[in-house]
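Build out the structure end to end from the sequences listed, making use of the hints.
Here the protein sequences come in this chain order: W and H.
Counting from 1, position 40 in the first sequence corresponds to residue 40 in our numbering; the numbering is continuous, with no gaps.
Counting from 1, position 155 in the second sequence corresponds to residue 155 in our numbering; the numbering is continuous, with no gaps.
A portion of the hints provided could be inaccurate.
What the hints assert, rightly or not - Keeping only pairs whose Cα atoms sit at most 35 Å apart, straight-line, the calculated DSBU-like set for lysine-lysine is:
(1) K22(W) / K76(H)
(2) K206(H) / K193(H)
(3) K310(W) / K332(W)
(4) K22(H) / K310(W)
(5) K310(W) / K206(H)
(6) K176(H) / K176(W)
(7) K332(W) / K22(H)
(8) K237(H) / K206(H)
(9) K332(H) / K176(W)
(10) K66(W) / K310(H)
(11) K310(H) / K332(W)
(12) K176(W) / K263(W)
(13) K332(W) / K263(W)
(14) K193(H) / K310(W)
(15) K193(W) / K22(W)
(16) K237(H) / K332(H)
(17) K76(H) / K263(H)
(18) K332(H) / K332(W)
(19) K237(W) / K263(H)
(20) K22(W) / K237(H)
(21) K263(H) / K310(W)
(22) K22(H) / K193(H)
(23) K310(W) / K176(H)
(24) K332(W) / K237(W)
(25) K66(H) / K176(W)
(26) K176(W) / K193(H)
(27) K332(H) / K259(H)
Stated by the list, open to error - Over 12 Å on every C-beta distance to chain W, these chain H residues come out as not near it, computed from the model:
(28) H47
(29) T61
(30) K66
(31) W68
(32) I125
(33) Q148
(34) S207
(35) D216
(36) P324
In short, the hints are calculated from the structure, not lab data.
Small disclaimer: the values here were computed from a predicted structure and weren't measured.
Beta carbons: idealized from backbone N, C-alpha and C, even for Gly.
2 protein chains.
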Amino acid sequence: MSELRKDPVTGRWVVIATERGKRPTDYASSEQRSESANCPFCEGSEHMTPPEVYAVRDQNTLPDTKGWNIRVVTNKFPALRPEGTLTHERRGIFERLDGIGAHEVIIETTGHFDYIQDRTNESLIRLIDTYRLRLEALMRDDRLMYAQLFKNKGELAGASLSHPHTQIIATPVVPKSVGDALNGSHSYFEAEKRCVFCDIIGEERKSGARIVYENDSFISFCPYASRFPFEMWLAPKRHKSNFISIDSAETAALADCLKITMKKLMASLGDPQYNIVLHTVPNAAAAGEFPVGMDDYYHYHFEIFPKLTKIAGFEWGTGIHINPTPPEDAAKFLQNAEI
Amino acid sequence: MSELRKDPVTGRWVVIATERGKRPTDYASSEQRSESANCPFCEGSEHMTPPEVYAVRDQNTLPDTKGWNIRVVTNKFPALRPEGTLTHERRGIFERLDGIGAHEVIIETTGHFDYIQDRTNESLIRLIDTYRLRLEALMRDDRLMYAQLFKNKGELAGASLSHPHTQIIATPVVPKSVGDALNGSHSYFEAEKRCVFCDIIGEERKSGARIVYENDSFISFCPYASRFPFEMWLAPKRHKSNFISIDSAETAALADCLKITMKKLMASLGDPQYNIVLHTVPNAAAAGEFPVGMDDYYHYHFEIFPKLTKIAGFEWGTGIHINPTPPEDAAKFLQNAEI
Numbered sequence: 001m002s003e004l005r006k007d008p009v010t011g012r013w014v015v016i017a018t019e020r021g022k023r024p025t026d027y028a029s030s031e032q033r034s035e036s037a038n039c040p041f042c043e044g045s046e047h048m049t050p051p052e053v054y055a056v057r058d059q060n061t062l063p064d065t066k067g068w069n070i071r072v073v074t075n076k077f078p079a080l081r082p083e084g085t086l087t088h089e090r091r092g093i094f095e096r097l098d099g100i101g102a103h104e105v106i107i108e109t110t111g112h113f114d115y116i117q118d119r120t121n122e123s124l125i126r127l128i129d130t131y132r133l134r135l136e137a138l139m140r141d142d143r144l145m146y147a148q149l150f151k152n153k154g155e156l157a158g159a160s161l162s163h164p165h166t167q168i169i170a171t172p173v174v175p176k177s178v179g180d181a182l183n184g185s186h187s188y189f190e191a192e193k194r195c196v197f198c199d200i201i202g203e204e205r206k207s208g209a210r211i212v213y214e215n216d217s218f219i220s221f222c223p224y225a226s227r228f229p230f231e232m233w234l235a236p237k238r239h240k241s242n243f244i245s246i247d248s249a250e251t252a253a254l255a256d257c258l259k260i261t262m263k264k265l266m267a268s269l270g271d272p273q274y275n276i277v278l279h280t281v282p283n284a285a286a287a288g289e290f291p292v293g294m295d296d297y298y299h300y301h302f303e304i305f306p307k308l309t310k311i312a313g314f315e316w317g318t319g320i321h322i323n324p325t326p327p328e329d330a331a332k333f334l335q336n337a338e339i
Numbered sequence: 001m002s003e004l005r006k007d008p009v010t011g012r013w014v015v016i017a018t019e020r021g022k023r024p025t026d027y028a029s030s031e032q033r034s035e036s037a038n039c040p041f042c043e044g045s046e047h048m049t050p051p052e053v054y055a056v057r058d059q060n061t062l063p064d065t066k067g068w069n070i071r072v073v074t075n076k077f078p079a080l081r082p083e084g085t086l087t088h089e090r091r092g093i094f095e096r097l098d099g100i101g102a103h104e105v106i107i108e109t110t111g112h113f114d115y116i117q118d119r120t121n122e123s124l125i126r127l128i129d130t131y132r133l134r135l136e137a138l139m140r141d142d143r144l145m146y147a148q149l150f151k152n153k154g155e156l157a158g159a160s161l162s163h164p165h166t167q168i169i170a171t172p173v174v175p176k177s178v179g180d181a182l183n184g185s186h187s188y189f190e191a192e193k194r195c196v197f198c199d200i201i202g203e204e205r206k207s208g209a210r211i212v213y214e215n216d217s218f219i220s221f222c223p224y225a226s227r228f229p230f231e232m233w234l235a236p237k238r239h240k241s242n243f244i245s246i247d248s249a250e251t252a253a254l255a256d257c258l259k260i261t262m263k264k265l266m267a268s269l270g271d272p273q274y275n276i277v278l279h280t281v282p283n284a285a286a287a288g289e290f291p292v293g294m295d296d297y298y299h300y301h302f303e304i305f306p307k308l309t310k311i312a313g314f315e316w317g318t319g320i321h322i323n324p325t326p327p328e329d330a331a332k333f334l335q336n337a338e339i
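Here it is in structure tokens:
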């Protein structure tokens, strides 16, 4: 029999459709990869992107030339731009803001097909450091209320280029879903005097049934109310609300956890398309919109969803996802994956 | 310059990315249609579906045989089932419910490729009547708090069969997004003493810029804060909260509005894949969860979204959609479409 499960953070329900009970082999993966010819993110094509805003590169090399490990550039077709003054307008019942914000692309590696699971830990540590530095830099602009870091891998996940890259879009508003998660965490904290994520991690470690991997500082697991087959969350075991406060030991632990988790995902599902998104606290400038004590009641984490199912009218209408692979089953495949 | 717009009902923001300014011809449509051979929804294949729970059929024909215009059956792989007792369980911090509910399929026509825009008004009136009757029947079960009516057309929209069909999934909880829309409408009503949807319709009729079509009782328009290119809402012009209270004159007007609106969509975009979802009030059994006066502050409507863009990590992380075609541009194409 199928069941409904409630996410303890936001209160959203999901349907775990056990009767459809899909196994990894039921999910066909057929990504169209674009070749490296004409790739604007490959080494030697630096002139094809907007100028670097940041790079990890060899000493004595110039910006926008070869010799880099990681490059950060403005998106060539930015959804939002930093130039201008933020004007808030009301037109009758409608409200609008100019598209002030930022939209950056982090080119993660020079290798066109050099995916996370194949990289060295050092390379991933550099990447996580870059995430931290760019988020920190963007959050110095107090017109920007939230910065969403995300990664699209594969066309179904919204990527138009195969070369590994992450994006950050910083918005002049706190997204409603971010606010919902903050308010949900605050309600739990009010009632229980504990962080809901710390309690989730505690329950997961107690049962073990949904854990994918853990090291000293990080854990990855398939959440109880997974919306998608093989959905995974990665979180620091020590309570921390803001990703940009990550220290170097935690950075190394996150690199290890991310690499092993992605290796297990690939070993289970072949080479799926996926999204990775970071959930962290809004900019300090937005703190006034939420209950005080955000650093106590919120807990940053990454969410990873392979693109295995289609979003249909039911999901659009209700926000309730139908997940045909229970997270316990997904976790078992991931636990047993040989890497 | 792009802009952010706020939906007056739920408060969610969207990015209208005018710089990407996509026209209808920028959206490639490449649906894989399944042929009628072996289609369980074609006439003569009645034995391939679960038994009828309702049908519009010729006199003197038996259930589950030929002679029907519309058939309603239980989904062969139901997400939720009506059998059993609803048990609510807590396991530590986690909450679950048995998968009690209903999952029906409305086979809209005997014609395998007989899409909405090509049908007679009489056929669409029968269909809307069937929607009303099935929703009414399901809402007699007071374990079921909400019934989501939705249509998936095309594989990208989540359909596994090409034969035109609509589905209803009734859930033992009110979905969070339905609750958000109710609470948002209530806040507006509290402040303005008017229905937010009535005010939206008033503004749309005053400006005309986003209207697709209207007749005496129904209007279709591209909403101000459209999440998707060519997103359209269809609503009754007279205030009404509950779809099942639709009368016969309104049913005829909705059939006309739906048909013309879909004809315009096809004339603009070829043959796009799309979802249609109904937004209406929860079952009376759930009324206690929301502020009193739902019939005053809520207003039922249909939402139509062609599947033209991909949902990427940014949308998953924030709930903010990036729409590369402003609704004013989409409405102009739809207004000028020759049908």
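To see whether the hints hold, each was checked on the structure:
| no. | hint | result |
| --- | --- | --- |
| 1 | K22(W) / K76(H) | holds, 16 Å |
| 2 | K206(H) / K193(H) | holds, 20 Å |
| 3 | K310(W) / K332(W) | holds, 23 Å |
| 4 | K22(H) / K310(W) | holds, 24 Å |
| 5 | K310(W) / K206(H) | violated, 38 Å |
| 6 | K176(H) / K176(W) | holds, 13 Å |
| 7 | K332(W) / K22(H) | violated, 44 Å |
| 8 | K237(H) / K206(H) | holds, 13 Å |
| 9 | K332(H) / K176(W) | holds, 30 Å |
| 10 | K66(W) / K310(H) | holds, 32 Å |
| 11 | K310(H) / K332(W) | holds, 30 Å |
| 12 | K176(W) / K263(W) | holds, 33 Å |
| 13 | K332(W) / K263(W) | holds, 15 Å |
| 14 | K193(H) / K310(W) | violated, 40 Å |
| 15 | K193(W) / K22(W) | violated, 38 Å |
| 16 | K237(H) / K332(H) | holds, 21 Å |
| 17 | K76(H) / K263(H) | holds, 31 Å |
| 18 | K332(H) / K332(W) | violated, 52 Å |
| 19 | K237(W) / K263(H) | violated, 55 Å |
| 20 | K22(W) / K237(H) | violated, 44 Å |
| 21 | K263(H) / K310(W) | holds, 26 Å |
| 22 | K22(H) / K193(H) | violated, 38 Å |
| 23 | K310(W) / K176(H) | holds, 20 Å |
| 24 | K332(W) / K237(W) | holds, 21 Å |
| 25 | K66(H) / K176(W) | violated, 50 Å |
| 26 | K176(W) / K193(H) | holds, 24 Å |
| 27 | K332(H) / K259(H) | holds, 18 Å |
| 28 | H47 | holds, 22 Å |
| 29 | T61 | holds, 30 Å |
| 30 | K66 | holds, 29 Å |
| 31 | W68 | holds, 23 Å |
| 32 | I125 | holds, 22 Å |
| 33 | Q148 | violated, 5 Å |
| 34 | S207 | violated, 8 Å |
| 35 | D216 | holds, 24 Å |
| 36 | P324 | violated, 9 Å |
Checked against the numbered hints above, the structure breaks hints 5, 7, 14, 15, 18, 19, 20, 22, 25, 33, 34 and 36 and satisfies the rest.
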